[in-house]
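Chains as they are written, first to last, in our numbering: chain F, 8 to 164; chain B, 240 to 718; chain U, 44 to 203.
Possibly wrong hints are sitting among the right ones.
[As the list claims (entries may be wrong)] Listed next, with one range per pair, are the computed distances between beta-carbon atoms: (1) U:Pro-121 to B:Ser-605: 25 to 33 Å; (2) F:Glu-64 to B:Glu-333: 37 to 45 Å; (3) B:Glu-359 to U:Lys-78: 30 to 38 Å; (4) F:Glu-64 to B:Glu-642: 47 to 55 Å; (5) F:His-55 to B:Ser-605: 28 to 36 Å; (6) B:Pro-521 to F:Arg-67: 39 to 47 Å; (7) U:Gln-58 to B:Glu-567: 29 to 37 Å.
[Stated by the list, open to error] BS3-like mimics (lysine-lysine), calculated; alpha carbons at most 27 Å apart, straight line: (8) B:Lys-638 to U:Lys-78; (9) B:Lys-617 to B:Lys-645; (10) U:Lys-78 to U:Lys-185; (11) U:Lys-185 to B:Lys-645; (12) B:Lys-638 to B:Lys-617.
In case anyone wonders, no lab produced these hints; they're calculated from the structure. Here a beta-carbon is modelled for each residue, glycine too, at the ideal position from N, C-alpha and C.
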Amino acid sequence: MSRPSAPPNILTAVLGKAVGWARTRSMWPASFGLACCAIEMMATGAAHNDLARFGMEVFRASPRQADLMIVAGRVSQKMAPVLRQVYDQMAEPKWVISMGACASTGGMFNNYALVQGVDQVVPVDVYVPGCPPGPQGLIHGILTLQNRISAGEYAVR
Amino acid sequence: MSNPPDIVTGETETYPQMGESEALPEPPEKPTPSRRRTLHDMWVSGTEAPVDTGRFTDEGAQEMLAEEEPDVLAGQRGTLVVDDYDEAAVSDEETQIVNMGPQHPATHGVLRLQLELEGETIRRVKPIIGYLHTGMERTGEALTFMQGPTNVTRMDYLSPFHNELCFSLAVERLLDLEVPPRARAIRILMTELNRVASHLLWAATTGLDIGALSMMIYGWREREACLAFFEKTTGLRMNHNYIRPGGVAADLPDGWEDDLVAIEETVLEGLADYEGLLMENPIFLERTQGVGVLTPEECYAYGVTGVLARASGIDFDIRKTFPYSGIEQYEFDVPTAEHGDVYDRFVLRFEEVRQSLGIVRQAAESMPLGDYRSEDRKVTPPPRARIDQSMEALIHHFKIFTEGFKVPEGEVYQAVESPRGELGMYIVSNGGAKPWRIHVRGPSFAHVQALPAMLTDSLIADTIAALASADPVMGDVDR
Amino acid sequence: MTRDAALSHDALAEQFPAAEFGESYGQRIVRVPRKDLVAFVAAARDIGFRMFIDVCGVDYLRRSPRFEVVIELLSLEPPSRLRILVGVPGDDPSLPSITGVFAGADFYERETYDMFGIVFEGHPDLTRILLPDDWEGHPLRKDAPVGAVPVQFKGSNQAT
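This is chain F alone, in the form it adopts within the complex (with noise of 0.2 Å):
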């Protein structure tokens, strides 16, 4: 998952530390919500599960300002290509977050309409189970792929 460009030495694993820490402390989401997800990631930025507090709360409409893809939803046939092509126009370093069940692996839909995981169109980083999954599990998931940049193991796709 993650190419060592060089090898390590102490200039670079501690700048390597600190730009993981700052990527993480910022990330911006781009808005993906498609379905029933969309409304509990919605409310994981709303004022009860505060988003905000892990400087998420900005979900920036353009993809071209983001750096983080949450896939809330199901993902129909038609709508793989205009998934691909939100996430080829997010710039370098970029991550998915593949939440609840119908986007990770179809769900319950098991069926002609659906594409049966996100990840037969976009690389995944962490998936989120749940149908849908709670704002705990979502937060649980970020948190998740947080520590992982932090710890440098996404750093180069």
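Based on the hints, put chains B and U in the right spot on chain F.
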């Protein structure tokens, strides 16, 4: 032609007979009228295409074309129902086609609108849907009637109880099954509370779209109180699978009366906040009055129901006209307005929240004691403890959960008043344990179709306000 | 459960002798041959069923006619529903479109075409609506597969 294996049991089953048995029909020979298919046929088979196929864009036949047939233009200009269209207002200046969505912060889900703009004025709107099509009607044919609510509850995901209620009422109509009074009261309690939660979310997102950013935070804050109650009762914040054919899945939890009193207080305080924030704000008034107007004729022609119809003056609420689940015993008003614009819809929805809280209070005060689900063991599974004691209970449990209960042959249409309008389900049963056909009539499907009528000759900024006021939920539209 | 109050259908029954009125679980239904459909729907609208509600299709597979298109209308004064059932044969799946009578039938007929392949003659823009343009097949037909993938492992050959 071999049948595909059943996704639930894994076995290949033959379809039961519906009538006379005859050989499977041959597929039709003439080409389908989709423009791209006909071009493909023409190229492949060398036959002449009956339809002019040279006009579609590179992206497909569903796009808005720069030049269109006159009757298609009428649909996109919102003039199919000639009620208030002003011919003289259209001029021949240059226009451009602009695409909005499907990934867009303000389209309330994955709706794609193609707008033909003349400056800032909209001349044509073409809604393109299908980006959330989940094949739920097909999946519904593979699930038993007991599993049905899990499927339909995810269609209109902002008011899952209404979907479940509609499905359960339709199935109970086919079964000719009466649910006990406590179950009926619990159903009304949960659906009316869901209406409150849905309208709060609508107010939050519409406020955000119009520019009242704090509305977003306030609306979600009050909604959390309702969702906490839902989680306590059903186990889930959303998509509950609680209202099932035969009753409800579990009884109300301890302390529910106090919870409801607290919810009513919180929401009413919040409502006072919202009305103080919005209803006399001059910017809000400018952005909402006279915007997104639908006339009653257009409502009849497009099948627009719910708050949109009542805002235009049509006094139609299924809870009063075709009452269901014992709602006629509660006293509540159904407000109507006359202008049919976004402001009226705000007023009506806030008033509906108050009326729904009144129904919830009445249901809580007069909650009958008794069973929360029907005693008919052929439909409702027995309590888990009985399975150890009684052979019959074990067999009933086994049959219901593996094969499902059989529903007599027939077809029925059942409608409920969801926060968006008339939510209807048309269920056809062939006597088996799974529905032969389940079709959901989502209110948002008709409302999205009425967007050209609402938006033509208005400014592009009004698109957001009008679309938000129509409260479309794309799960309902695309299913 | 209340029964829906009935609007007087005598005028319709006189004008269209081929229409068969009936009842299904307390709801008024009428089976109309497809050549009379547009005139019947217009007449129903004129006697009071002004609100358009729904158009959908059903595939009965081994019945003749194979498909059925169901049109649901609503009258507000007096409150009453009417369900119109039109049989559509499988070898000639076409029937006239009612978009001239109710503008709202537009999207519904496109969806029925998309899901079943039933062609509505006279529809202004009969293209796919829920599925991508270049989709082949009509998924709600009973002889179309559900399209399930093997669940246990995506690469395996076993279904579920």
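Results of checking the hints against the structure:
1. Look at Pro-121 (chain U) against Ser-605 (chain B): about 30 Å separates their beta carbons, and that is inside 25 to 33 Å.
2. The supplied range of 37 to 45 Å is met by Glu-64 (chain F) and Glu-333 (chain B), whose beta-carbon atoms lie about 41 Å from each other.
3. For the pair Glu-359 (chain B) and Lys-78 (chain U), the beta carbons lie near 48 Å from each other, so the given range of 30 to 38 Å is not met.
4. Taken as a hint, the range 47 to 55 Å holds for the pair Glu-64 (chain F) and Glu-642 (chain B), whose Cβ atoms sit roughly 49 Å apart.
5. Against the hinted window of 28 to 36 Å, the Cβ-Cβ separation of His-55 (chain F) and Ser-605 (chain B) comes to about 32 Å, which satisfies the hint.
6. Taking 39 to 47 Å as the suggested C-beta distance range, the pair Pro-521 (chain B) and Arg-67 (chain F) does not conform, at roughly 30 Å.
7. Distance hint check for Gln-58 (chain U) and Glu-567 (chain B): the Cβ-Cβ separation is about 36 Å, which falls inside the suggested range of 29 to 37 Å.
8. The hinted pair formed by Lys-638 (chain B) and Lys-78 (chain U) fails the criterion: a straight-line CA distance of about 46 Å is larger than 27 Å.
9. Using a Cα cut-off of 27 Å, the hinted pair Lys-617 (chain B) and Lys-645 (chain B) holds, with the two alpha carbons roughly 9 Å apart.
10. A C-alpha spacing of about 26 Å is found between Lys-78 (chain U) and Lys-185 (chain U), which places the hinted pair at or below 27 Å, so the restraint holds.
11. Only pairs whose Cα atoms come within 27 Å are accepted, and Lys-185 (chain U) paired with Lys-645 (chain B) is accepted, the gap being roughly 20 Å.
12. For the suggested pair Lys-638 (chain B) and Lys-617 (chain B), the alpha carbons sit about 9 Å apart, so the restraint of at most 27 Å is met.
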